[in-house]
Amino acid sequence: MNLSLPINRETTCTIAAVNDSASELDSFLASVERRAQRIAEIATRDRDEALDIVQDSMIQLAKKYAARPASEWTPLFYRILNNKVLDWQRRGTVRRRVLFWQDDKADGDDFNPAELVADMSQPNAQDLLQQQQAMQKLEEALRALPARQRETFTLRIWEGLSVEDTAKAMGCSDGSVKTHLFRALATLREQLEGVWN
Amino acid sequence: MELDEQDRKFSQAAKQALRQSERALDATTTARLRAAREQALAAAAKPRLNWNWMMPTGAVAAALMVFALLPGRAPLGESAAVPRDEAMEVMLDDVEPELVQDLELYVWLEFDGDPA
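Protein chains in written order, with the working numbering: chain A, 1 to 197; chain B, 1 to 116.
It is possible that some hints are incorrect.
What the hints assert, rightly or not - With a straight-line cut-off of 27 angstroms between C-alpha atoms, the simulated BS3-like cross-links for lysine-lysine are: (1) B:K15 / A:K178; (2) B:K15 / A:K63; (3) A:K84 / A:K63.
Treat the hints as calculated values from the structure; they're not laboratory data. Just so we're clear, the structure is a prediction, and the values are computed from it rather than from any experiment.
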């Protein structure tokens, strides 16, 4: 019984298609990984937890949806990512209490005014300090938003998805996306008045 | 619900700052992200269960079970062996060779392995 596969033109084309698809998926994941990391970091306030969430999201997309058209990957990926962030938030009541205690120290790691004061001699030190403070305030304000509003802001403004793709990623209607975004922007602008306006 | 000019300005500034923060990720984090991506690609390349193969296999297994348990079938012996083999061949026509080998073992166990 001959069990060897004949290598014909069709087989070669199939192998080439698989390689193209893997390369396309690699490019897609490379294009979203940093943003996904920052989104997860802002939500969890923890770099390692965020990395785990991003990795799980990438694996789930690759395993389940790699065969889908590449145009669908962006909303699918962010939907997976958002679900994983929500899962993490639901799971973590006890853990968040511990993290809250640890955050006092972690925050110190992220932003240490003393270090910046030492660098004040540099020309852009003042600007850098202001930027870091503004960024920190923006992250806090984003974190304080209701989950759906934060998702909408992240996808529509930060990622730049269309209303339709945002709705797909969130599993809601276009109208809901517009409402969530309107409310998110109103809250953020109110909270960040003087810093960002 | 359209965004006004101030909303647009605010959104643009926030987007710029957030994207800048992506570029500021440290080398360790970016290396770990690259590793995560490679792991995801490896997971995608792993062969998944082939249901196209499993469905006929399951159907054959179910048919064999029914055949074995069929009430009033002919008693085992020389006269029954030929039609049983023919039926088996028909059923196994489209089945993978490895499965046939396994099934042959089970058939042998049933008919020859058990002296009773």
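How the hints compare with the structure:
1. Using a Cα cut-off of 27 angstroms, the hinted pair B:K15 and A:K178 holds, with the two alpha carbons roughly 18 angstroms apart.
2. Annotation: proposed proximity of B:K15 to A:K63 is violated, straight-line Cα distance about 31 angstroms (limit 27 angstroms).
3. For the given pair, A:K84 sits about 16 angstroms from A:K63 by alpha-carbon distance, which is consistent with the 27 angstroms threshold.
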